Structures are given as structure tokens and as C-alpha cells.
Amino acid sequence: MLPGQKNNEVTMPQHKPLLVLLEDDPDEAHLLQWQLQQHPEPGFQVLVAETLAAFFQLLKNLPEQPALLLVDLNLPDSSGLNTVTACRSCLPDVPLVVHSGWFDVAEQKDLLAAGAQACLTKGQPPAVLINQLLKLLER
Numbered sequence: 001m002l003p004g005q006k007n008n009e010v011t012m013p014q015h016k017p018l019l020v021l022l023e024d025d026p027d028e029a030h031l032l033q034w035q036l037q038q039h040p041e042p043g044f045q046v047l048v049a050e051t052l053a054a055f056f057q058l059l060k061n062l063p064e065q066p067a068l069l070l071v072d073l074n075l076p077d078s079s080g081l082n083t084v085t086a087c088r089s090c091l092p093d094v095p096l097v098v099h100s101g102w103f104d105v106a107e108q109k110d111l112l113a114a115g116a117q118a119c120l121t122k123g124q125p126p127a128v129l130i131n132q133l134l135k136l137l138e139r
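Residue numbers for the sequence shown follow UniProt numbering, so the first one is 1 and each next one is one higher.
Hints were generated in silico from the structure; no laboratory data involved.
Owing to the predicted nature of the structure, the values given are computational and were not obtained by experimental measurement.
Treat the hints with caution; some may be incorrect.
What the hints assert, rightly or not - Calculated pairs, DSSO-like style, for lysine-lysine (alpha carbon to alpha carbon, straight line, at most 30 Å): (1) K122 with K135; (2) K60 with K122; (3) K135 with K109; (4) K60 with K135; (5) K135 with K16; (6) K60 with K16; (7) K122 with K109; (8) K16 with K122.
Taking the hints into account, I'd like the entire structure generated from these sequences.
Next up, the structure:
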């Protein structure tokens with residue numbers, strides 16, 4: 001443990017933006033984590049939570065708030081708009097991108113109104129996701 005570090009606090013290198021990935025599919029989470037960490041500039045530090053409860057616990061142990069949230073809508077303990085609303089309730093100013101298997105136009109409008117900055121469908125080329133995340137970092 002580093003001096004001044006709290007018990008169970010996660011320490012992060014300062015040079016890469018921290019992205020918290022909320023994804024319950026371990027294969028999808030592993031693939032996304034690898035793709036985001038391998039991106040040359042700026043690259044990302046990625047922490048994964050598989051449930052909303054794990055997400056809240058992870059946030060308690062971070063020394064600083066994340067730069068970005070990448071959120072799957074359908075989790076074991078939350079789904080749809082409730083997932084975005086819950087994330088927004090504790091991190092209202094952190095850019096949030098919904099990354100889900102499917103959503104319709106009406107749901108997308110509701111998600112954006114609830115505070116998501118973008119809604120992307122899973123299965124798109126990694127460059128699409130990474131470009132969207134980089135745009136949000138520039139804001």
C-alpha cells in the first residue's frame with residue numbers, strides 16, 4: 001500500500017484515462033478491455049464491474065472519479081434505463097456511453113435524455129467505439 005492510500009483503494013497510473021466498463025459478459029468485457037488498453041493514444045486504463053452493485057463498490061475504492069463510463073444496459077441486477085439512471089445518480093458529470101446488444105430508437109432517445117452521451121450497438125468495429133470515447137474525452 002502506498003503512503004496515504006486507503007485500504008482497498010485502487011491506484012491508477014496517471015498518464016492514461018480511466019474508463020469503467022459495466023459489462024456482465026466476461027468474454028465481451030475481456031475483449032473490450034484488451035481493445036481499449038491496446039489503443040496507442042491515449043490508451044485507457046480499464047476497470048470492469050459485472051453488476052451494478054459491483055460498480056458501486058468499485059467506485060468507493062477509486063482514488064478519483066473515472067474519465068468515462070462504458071455501460072451495458074442489461075445486467076443481472078439492473079436493466080435498461082434504470083442502469084443509466086443509477087450510474088448518473090452517482091457520477092452525473094462523467095461521460096457515459098451505452099454499449100448494448102440492441103435498443104430501439106425510442107429507447108435510445110430516453111437513454112440520451114437520461115444522460116447518456118452516446119448509444120452504440122455491440123459488434124461494431126473497435127475503431128467506432130474508440131473514436132466515440134476519444135471525442136468525449138476531448139469535451
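We went through each hint and held it up to the structure:
no. : hint           : in the structure
1   : K122 with K135 : holds (18 Å)
2   : K60 with K122  : holds (28 Å)
3   : K135 with K109 : holds (20 Å)
4   : K60 with K135  : holds (27 Å)
5   : K135 with K16  : holds (15 Å)
6   : K60 with K16   : holds (20 Å)
7   : K122 with K109 : holds (18 Å)
8   : K16 with K122  : holds (24 Å)
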